[in-house]
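J.: Residue numbers (my numbering), protein chains in the order written: chain B, 1075 to 1255; chain C, 1336 to 2002; chain S, -6 to 182.
Simulated from the structure, these hints should not be mistaken for lab results. Honestly, I wouldn't trust all of these hints.
Said to hold, decoys possible - Below 30 Å or equal to it, Euclidean Cα-Cα: the simulated BS3-like pairs (lysine-lysine) are: (1) K1731/C x K23/S; (2) K1758/C x K1611/C; (3) K1078/B x K1758/C; (4) K1611/C x K1078/B.
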Amino acid sequence: MTRKSRRLWLVCACVLGLGAAAGLTLNAFSSNIVFFMAPSQVRAHPPGADRTIRLGGMVVAGSVTRTHEGETPIAQFDVTDGQAAVRVRYAGILPDLFREGQSVVAVGTVGPNGAFTASEVLAKHDETYMPKEVAEALRASGKWDPKYGKAPDAASWDTMTVKDARHDLAAARGPKDGQAE
Amino acid sequence: MSLMLTEKMGGPELGNFALALACCLAGAQAILPLIGAQRRDARLMALAPALAVGQLVALAASFLCLVGAAVSDDFSVQNVADNSAVAKPLLYKITGVWGNHEGSVLLWALILGLCGAAVAAFGRNLPSALRARVIAVLGGVSAGFQLFCLLTSNPFQRIWPAPMDGQGMNPLLQDPGLAFHPPILYTGYVGFAVPFAFAIAALIEGRVDAAWGRWVRPWAVAAWCFLTCGIALGSWWSYYVLGWGGYWFWDPVENASLIPWLTGTALVHSAIVVEKREALKIWTVLLAIGTFSFSLSGTFLVRSGILNSVHAFANDPARGIFILALLALVIGGSLALFAVRAPMLTAGGLFAPVSREGLLVLNNILLCSICAVVVTGTMYPPFMSLLFGKTISVGKPFFDATAAPLAIPLFAFMAIGPMAPWKRAALWPVLRRLWWAAIASLIAFAVATFSMSGVLPVLATGFAVWVIAASITDITDRIGLFRLSPAQSLSRARFLPRAAFGAALAHAGAGISVLGLAAMSQAQHRIVEVQTGTTEHLAGYDWTLRDVHDEPGPNYQAIVATIDVRRHGHLVTTLRPSKRDFASQHQTTTEVSIHTNLMSDLYGVLGDRHGSGAAATYVLRLHYNPLAPWMWLGALVMAIGGALSLSDRRVRVGAPRRARTTVAEAA
Amino acid sequence: MAEDTPRTRRRVLMAAPLAGAAVLGVGFWKMLGGMEQGSFDPHNINAPVLNRPVPDFVLPDQAPGRGFSASDLRELRTPVIVNFFASWCIPCIAEMPALIGLGRQVPVWGIAYKDKPANAAGFLAHAGNPYARIAADGDGLAALDWGISGVPETFVIGPGGIIRWHNAAPLNDDLIHGTILPLVERLTS
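Next comes chain B alone, as it looks inside the complex (with noise of 0.2 Å):
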């Protein structure tokens, strides 16, 4: 065996393997990339309906429903990107952190109809985002301390009242602003 087969040979394989690898990725990138689409563009370029895609957008509050088919839990709700919304159907366990009103991903098809058939649902909310002004308003007021856990979620600060929440922003960054005005 020369320098020079063992190098053909070394060679040979490598292409082999690599070009094996090459053909079977850009094979599978022709059918098994995931678009991302909003609700928009899926009303307006439909994909087919053997193409898997991730549809992301809002849940239009109050249009979550719940129903069975046998055993089966059925959800249903609009999915908007501001511009179109879709419905989605979804049988399984929503996941935790799914909320009306708040961000989502939902992966499958879309039908002939327009419907889009999700076999799985991803919620994205980071619960532990606070801004730190809110943070030292809120602490401020009394109405959340460390002490007590984690700050309450946004849902809470609507029952604020505005002098509340004046008389907290002023308690907390008063000398700021009085420097400001």
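With chain B fixed as given, assemble chains C and S onto it according to the hints.
T.: Okay, now just chains C and S, sitting in the frame of chain B:
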């Protein structure tokens, strides 16, 4: 005692100081021994081990200070206030130290320091110049990460005024599996820094030989064992905590650990060829550099927020720029050195395509092809988004369609490899020795064809059995079981190198894992919405929802379902899946209930409750997961195999004298 | 290459990993730069809103300002800021000083989201009024079309009513001086 002391002295400041000190020591460790090795100055070279140990001591002190602050609830430390709370159990106060970005960077640095000290301790029989250079390279990488820790992710930052209590920890993270996952995984990642340092040192010296191969391999094997365990632990965690019934999601975070594992596996194998035959030297050096580069870039790119992951880290682009600069320095620098020096390395021994070397080359080609596919799939979405503004995702179907077909030939040849002779082999005698393994795998093929759906699972089952049977054959052949008397076999087994047992065990472990994966593709599940008292049928079991009740927990409110699982009328087990509502954190977690008999898992998840009173219905998800535990058991067996080959006499006794081998080669 | 000796071929081969890593590195660097400016965000699933015309809407006046519609935005030849706020929203109060500062340099149009007109007017009287025009979106339907997930959210609308930038968190001085004003500068020229 020492904790109290640090607290009195202002623990966090002491920790910060120790970290800065470690950084200075690491800087000195990076420069002085390198100069010493260049000038052949024995005194400067002798500084290397001392500096490495000093750096480790300083880092350990710094880490203990952070642990001390967390244990003593010092909420004036930002990191503790953000991630801990008085009510948190002690165990999670400690493990929570590395459950966040800053703490995990410090842990990373600590493990890197440990690696440097380990080379100093175990590398006594290395040539002094090589040892000095290896320790210097490790010091350089350490210094970079400690600087990163100090400048952009300082865990000792104070806040004023200190809050009365911390913000607590994500309930999802309060889990023993996740608590010990990072240290093991990081040890795997960081462990590959040692082969990397050996590669750089070899490039500086311009010499790679059999002795180098033998020195590098144990470090690579050790890191590989930890990485294997780390990946398996992570997968197991997502299986029993996330409650989706899945074990691997091809998420960027998971891929970031799989990519270095693939190249690391290739490295472990190609280093054998360097050690035994002095071939594949340049390739092995490149693999050593590549594996550590992938370890580094994967984990840190996930943190910079470029890769979109389910697992959220706080994203900070400024931090990202620092990371990128550091990666450019470490990876770019080492690859530039490689580009300059590698062409000067001499080519090694010759071998025929069909030989042990040839099969190891094939192993490397296939592993690297799989790696290339995974890298492409992981990097494609961000690059598409950057170049064309298209948002796409590459998920399980892509990886199934690409990685699995490449893994099949890998397993087909994996069985033959350890039995083929070096230099030149004929395929037929090897195959003849494997006759009963071939029969076993044919039977497995036949059984799988009838009981499984899909081509890939059937092929995977057949080849997994093929690999396991071949590993057994390899050992029984070598010790002459059934050929010789039992006493003779026993004495042969005693003198067989443990590395041979290790390799066979690791291969069998891979086979066991693949069997588990193949069987899991046949998992069955049902999602139902039922009232209490209803019975469901799945996979030959009757699942009865007997009762659902509320149960208060320490800081949560739980609903617990009781599901009786019967087979042919006999009670098999009672599953108690639950849902916990952490009111103070506005978070719900799902507690899966799993019953395993090692051959299959019965897996129950409780979903939403609809309606109330006696008419209330509950959503249940029921899974039947055949051979699920085998996936992780196989990984454990692989790691044990690696550990066994580490305990080999040849490794323990130490490396060969280098001069003799090279002189012999030259002569 | 004219001189394709095995030696140079070897050198080129050995430099290939460096070149590959460099290409990836430049890509990552661009992505990080894009993330800082907000033009590249792999986590943002609402990205399609960017570089699209504003959705159709017509909204009534909210005291003390005048309401506006999508066509008002589309007729503009200069950039404006559109900010969703509510009197019940504490982060909105927090961002008000920054918004007032911004309003001195670029027109800011406000939309009161799910708010009682009297409350919103009172809020602006106390917290300060940065808005050139203010519309009331009492039932929050227009906001739905904009794809907002809460208040405050801010959009930069380029000439012709194209959404050029979107932020779903309170504004601060860093964002204003680092991102919004440079962007407005570019859109104006």
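J.: Could you run down the list of hints and mark each one as holding or not?
T.: Checked hints:
1. K1731/C x K23/S: 27 Å, holds
2. K1758/C x K1611/C: Holds, because 10 Å separates the two Cα atoms, which is no more than 30 Å.
3. K1078/B x K1758/C: Holds, at roughly 16 Å.
4. K1611/C x K1078/B: 22 Å, holds
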